[in-house]
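Construct the complete structure from the given sequences, taking the supplied hints into account.
Single-letter residue listing:
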Amino acid sequence: MKAETDDILLAVEHVSLSFGGVRAISDVSFDIRRGEIRAIIGPNGAGKTSMLNVVNGFYHPQKGAIRWRGRARARMKPYEAAAQGIARTFQNVALFKGMTTLDNIMTGRNLRMKRNLFWQALRRGPALDEEIANRRVCEEIIDFLEIEHIRKTPVGALPYGLQKRVELGRALAMEPELLLLDEPMAGMNREEKEDMSRFIVEANRYRGATIALIEHDIGVVMDLSDRVVVLDYGRKIADDVPEKVKSDGKVIGAYLGVSH
Amino acid sequence: MATGGESPEAEDTFAKLLRAHATLRGTRPAFRHKDLGLWQTWTWAEVYDETRAIAQGLIGLGLKRGATIAIVGANRPRLYWSITAAQMIGAVPVPVYADAVADEIAAVLDHSEATIIVAQDQEQVDKILSVRDRLPRLAHLLYDEPRGLNEYAERGLAALAAIAAIGRAALADPAVARDLDRLIDGGRGSDPSVILYTSGTTGRSKGVVLSGERSIGAARCTVAFDRLTDQDEALAYLPLAWVGDHYLNYAQGYVAGFCIACPESAETAANDLREIGPTYHFAPPRAFEALLTRVQIRMEDAGAVKRWLYRAFMDVAGRWGEKIANGEPVPLNARMAYRLGDLLIYAPLKNALGLSRVRVAYTAGEAIGADLFAFYRSIGLNLKQLYGQTEAFLFVTAQTDRAVRSDAVGPPAPNVELRIADSGEVQFKSPGMFVGYFREDDKTRETMTDDGYVKTGDAGFFDPDGQLKIIDRAKDVGRLRGGQLFAPKYTENKLKFFPEIREAVAIGDGRDFVAAMINIELASVANWAERQAIAYGSYQELAANPRVYAMIEKRVDAVNRALSLEPAMAGAQIRRFLILPKELDPDDGELTRTQKVRRGVIAERYASLIVGLNSGASEASISAEITYEDGRKGKLEATVRIVDLPPYPPARAPRPPARKANAA
Numbered sequence: 030m031k032a033e034t035d036d037i038l039l040a041v042e043h044v045s046l047s048f049g050g051v052r053a054i055s056d057v058s059f060d061i062r063r064g065e066i067r068a069i070i071g072p073n074g075a076g077k078t079s080m081l082n083v084v085n086g087f088y089h090p091q092k093g094a095i096r097w098r099g100r101a102r103a104r105m106k107p108y109e110a111a112a113q114g115i116a117r118t119f120q121n122v123a124l125f126k127g128m129t130t131l132d133n134i135m136t137g138r139n140l141r142m143k144r145n146l147f148w149q150a151l152r153r154g155p156a157l158d159e160e161i162a163n164r165r166v167c168e169e170i171i172d173f174l175e176i177e178h179i180r181k182t183p184v185g186a187l188p189y190g191l192q193k194r195v196e197l198g199r200a201l202a203m204e205p206e207l208l209l210l211d212e213p214m215a216g217m218n219r220e221e222k223e224d225m226s227r228f229i230v231e232a233n234r235y236r237g238a239t240i241a242l243i244e245h246d247i248g249v250v251m252d253l254s255d256r257v258v259v260l261d262y263g264r265k266i267a268d269d270v271p272e273k274v275k276s277d278g279k280v281i282g283a284y285l286g287v288s289h
Numbered sequence: 090m091a092t093g094g095e096s097p098e099a100e101d102t103f104a105k106l107l108r109a110h111a112t113l114r115g116t117r118p119a120f121r122h123k124d125l126g127l128w129q130t131w132t133w134a135e136v137y138d139e140t141r142a143i144a145q146g147l148i149g150l151g152l153k154r155g156a157t158i159a160i161v162g163a164n165r166p167r168l169y170w171s172i173t174a175a176q177m178i179g180a181v182p183v184p185v186y187a188d189a190v191a192d193e194i195a196a197v198l199d200h201s202e203a204t205i206i207v208a209q210d211q212e213q214v215d216k217i218l219s220v221r222d223r224l225p226r227l228a229h230l231l232y233d234e235p236r237g238l239n240e241y242a243e244r245g246l247a248a249l250a251a252i253a254a255i256g257r258a259a260l261a262d263p264a265v266a267r268d269l270d271r272l273i274d275g276g277r278g279s280d281p282s283v284i285l286y287t288s289g290t291t292g293r294s295k296g297v298v299l300s301g302e303r304s305i306g307a308a309r310c311t312v313a314f315d316r317l318t319d320q321d322e323a324l325a326y327l328p329l330a331w332v333g334d335h336y337l338n339y340a341q342g343y344v345a346g347f348c349i350a351c352p353e354s355a356e357t358a359a360n361d362l363r364e365i366g367p368t369y370h371f372a373p374p375r376a377f378e379a380l381l382t383r384v385q386i387r388m389e390d391a392g393a394v395k396r397w398l399y400r401a402f403m404d405v406a407g408r409w410g411e412k413i414a415n416g417e418p419v420p421l422n423a424r425m426a427y428r429l430g431d432l433l434i435y436a437p438l439k440n441a442l443g444l445s446r447v448r449v450a451y452t453a454g455e456a457i458g459a460d461l462f463a464f465y466r467s468i469g470l471n472l473k474q475l476y477g478q479t480e481a482f483l484f485v486t487a488q489t490d491r492a493v494r495s496d497a498v499g500p501p502a503p504n505v506e507l508r509i510a511d512s513g514e515v516q517f518k519s520p521g522m523f524v525g526y527f528r529e530d531d532k533t534r535e536t537m538t539d540d541g542y543v544k545t546g547d548a549g550f551f552d553p554d555g556q557l558k559i560i561d562r563a564k565d566v567g568r569l570r571g572g573q574l575f576a577p578k579y580t581e582n583k584l585k586f587f588p589e590i591r592e593a594v595a596i597g598d599g600r601d602f603v604a605a606m607i608n609i610e611l612a613s614v615a616n617w618a619e620r621q622a623i624a625y626g627s628y629q630e631l632a633a634n635p636r637v638y639a640m641i642e643k644r645v646d647a648v649n650r651a652l653s654l655e656p657a658m659a660g661a662q663i664r665r666f667l668i669l670p671k672e673l674d675p676d677d678g679e680l681t682r683t684q685k686v687r688r689g690v691i692a693e694r695y696a697s698l699i700v701g702l703n704s705g706a707s708e709a710s711i712s713a714e715i716t717y718e719d720g721r722k723g724k725l726e727a728t729v730r731i732v733d734l735p736p737y738p739p740a741r742a743p744r745p746p747a748r749k750a751n752a753a
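Taken in order, these protein sequences are the chains called A and B.
Going by my numbering, the letters in the first sequence line up with residues 30 to 289, in that order.
Going by my numbering, the letters in the second sequence line up with residues 90 to 753, in that order.
None of these hints come from the bench; they were simulated from the model.
Think of the CB as a built atom: it goes at the ideal place given N, C-alpha and C, for glycine as much as any other residue.
Please note that the accuracy of each hint is not assured.
Stated by the list, open to error - Restricting the straight-line Cα-Cα distance to at most 20 Å, the calculated cross-link-like pairs of lysine to any residue (SDA-like) are:
{"hint": "1", "chain 1": "A", "residue 1": "Lys181", "chain 2": "B", "residue 2": "Asp124"}
{"hint": "2", "chain 1": "A", "residue 1": "Lys222", "chain 2": "B", "residue 2": "Gln211"}
{"hint": "3", "chain 1": "B", "residue 1": "Lys722", "chain 2": "A", "residue 2": "Lys181"}
{"hint": "4", "chain 1": "B", "residue 1": "Lys123", "chain 2": "A", "residue 2": "Ala162"}
{"hint": "5", "chain 1": "A", "residue 1": "Lys181", "chain 2": "B", "residue 2": "Leu442"}
Unchecked claim - Which chain B residues stay away from chain A? Per the calculated CB distances, all over 10 Å, these:
{"hint": "6", "residue": "Trp409"}
{"hint": "7", "residue": "Thr533"}
{"hint": "8", "residue": "Asp540"}
{"hint": "9", "residue": "Leu725"}
In structure tokens, the structure reads:
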């Protein structure tokens, strides 16, 4: 499962981010290689979600740069990041609660719909062909995530574990090059975690998505990821393969709360 | 096609039947399957073509006449076609329960001597590979759904589609096609057609060998009995390995030429039922019960007007519906009220349940509650009961359209000879009767009488109107130490008719009194608890709640009162009961795959509770190992309360209902 290529998809270079006087991220650098599963871990408040928000253009770092596919990225809005192939899921599920599973996943295809409003309103000709093609992609994702039985259920009525799955489905519908997952297993029981792990691995291996994820369940992180970057108080304290990170003194210290 | 124009009435193997349909009704739909959200349809001609390709592919893998091939998976068209493909060659398909754990699968696969296994997907492949060392004969493992299997490099593992493609390419040569035609023609009706393993209610499962001509003969009788035609349609959602599916869908479908629709997945079956709208339907009582529970829960949450309409018209249906269905005289105003109810409530309700188009529906497998049965009959569903066995290729008795009751299973099915032995055991001779148990001649001899009847192992009697009544397994009918008759299942079924009780185990044979262990039905008790504002964190906590206990006590008391009114059963009232802290589960071996209680296993696992029930103790402790679906083990530790109940005197006069709860 190791990324065999050193082809770097995204590089974070000396990024610092602060909100007023609070420094969320200080001078952090790391990279994400094409085809790998990259984990970002750290204690609460370490700056993990902020880091993800920087990567997908929601926050703009005061210092440092992001290189996307080898080129320094200009200031970018989230939808521009999405158009460039970066999809994400959220720590607290962010779906359209009143819409069905299928419709939520279809929204992930929005950027792929090329026909204008006129054609779409007609529901004929090229717009119809496009809709059918996109529906097929969504149905394949529904099959992949084993959520056929909730295809027509409004997501607001679904249990949390399934909502997380639908959210992953919507992100996959974008056919992203880079998939950012913010705590994909939060609040799940063991069986749900195992299912979700399987979907993440398969999305990475068979659907070709490079994945960066934040996760608190260290067991899951060590099983899934190729490389792990560890943040603590906004600083990078380790960046290596899981086996090395696990035995790193600084990482153990950060998690056990040794004074700095 | 080398031969053509045969009539399906003359064929004696399923392969020949398929060929006849391909000629006779080649463009009629034969199979449907919902895939990627769309219903895909195959005509009889297409199914014949696909099946030939699979058959030729299997020949390429070395499958020969008389050899066995196992099919492990859910209801999917290609798995059904694999069954027919094997039958084309004269090989014997062995469908295996897909939800069985690896250990059970290994036992059946090994016993079946299968060299080729067709499995549904990665889950089944993984399970089989995990026990491969116990299957020395296994040479080829084929799979229908390729997802997740791309990187497997196991010996003999291949996609069924790839094998079929090889077969199809080979069939392009007319000589090869002619050889396959000759194989189909050479199939004899007396050859084994399929081996169906029993669910193992009474011990290890046995392989029931059925022949083509008998299977088809039996199916023809019942197709005529229920007037099934190629215009009918059924949803195949029952376990592929169960005799019910093989009979009701496969055999009857191939005889009548009707369309078999396969659901998208087990979870979507209820929805797929609505979309397909079958005309012919089978469901076990517990499925009908689950549907009704769902309706009732939704009605309780409905608005006042809807609730009132529902109650008013269900009242009309309850009073007149069954009479109308049975063709009895009914006053005109009642008929009109029922017609209006049909317009407003019954028809929309049936539509919501996916039962609008059903012409004939059957239920069997266990006793069905009178209220439950009456509910469906009264809204105009032609629901009937049958009694059957794998050894009979299902039908032993079946109710006719106009003589339907909930407490009996009907007169003998067409051409079935039925008798009650002196021991009370039901014995039969039937058109679909099995040939023998696979590799167990001694068991076959044990099961047959000297004059060629099959012993069912069930105790029963005929009612005056000729309908058979089953009371229990013959060997389970026992007596209390005082000599009173005790039929555990009879008592348990009375308990299970309450929606709050999912499962019950009554113990009494050779003891001083009857005691019961009860499993609550989570769906309905949880809903009740919610309305009662009872908080709970787990199944175990809910099961131990004193108010739940009090509610269940009322139900047990009602059963006692009913028993007290039956002279033969009055002595078998329940004197002590407890509520089990966990759900009985097939994964723990407590239930069979068809959800029947395994008494031996339960007696062993819950021995400490049974001791408590039989002593005067007010509580008992249990510590048992439980198995999760993925094979991991956990531990269950609990102390459960035991409740004493005073019995009713065996009298006809009902006692006043005001009785103090008498918890120990």
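Hint-by-hint comparison with the structure:
Restraint check: the Cα-Cα separation between A/Lys181 and B/Asp124 comes to about 15 Å, which is no more than 20 Å; the hinted pair holds. Taken as a hint, the A/Lys222 and B/Gln211 pair is honoured in the structure, with Cα atoms around 19 Å apart against an allowance of 20 Å. Between B/Lys722 and A/Lys181 the alpha-carbon distance is near 36 Å, which puts this suggested pair outside the 20 Å criterion. Distance check on the hinted pair: B/Lys123 and A/Ala162 sit about 18 Å apart at the alpha-carbon level, within 20 Å; holds.
At most 20 Å may separate the alpha-carbon atoms for a hinted pair to count; A/Lys181 and B/Leu442 meet this at roughly 16 Å. Listed as a non-interface residue, B/Trp409 keeps its Cβ farther than 10 Å from every Cβ of chain A; the least gap is roughly 36 Å. Look at B/Thr533: its CB is around 42 Å from the nearest CB on chain A, clear of 10 Å, so calling it non-interface holds up. The Cβ of B/Asp540 sits about 51 Å from the closest Cβ of chain A, beyond the 10 Å cut-off, so the non-interface label holds.
Taking the minimum C-beta to C-beta distance to chain A, about 17 Å, the non-interface status of B/Leu725 holds against the 10 Å cut.
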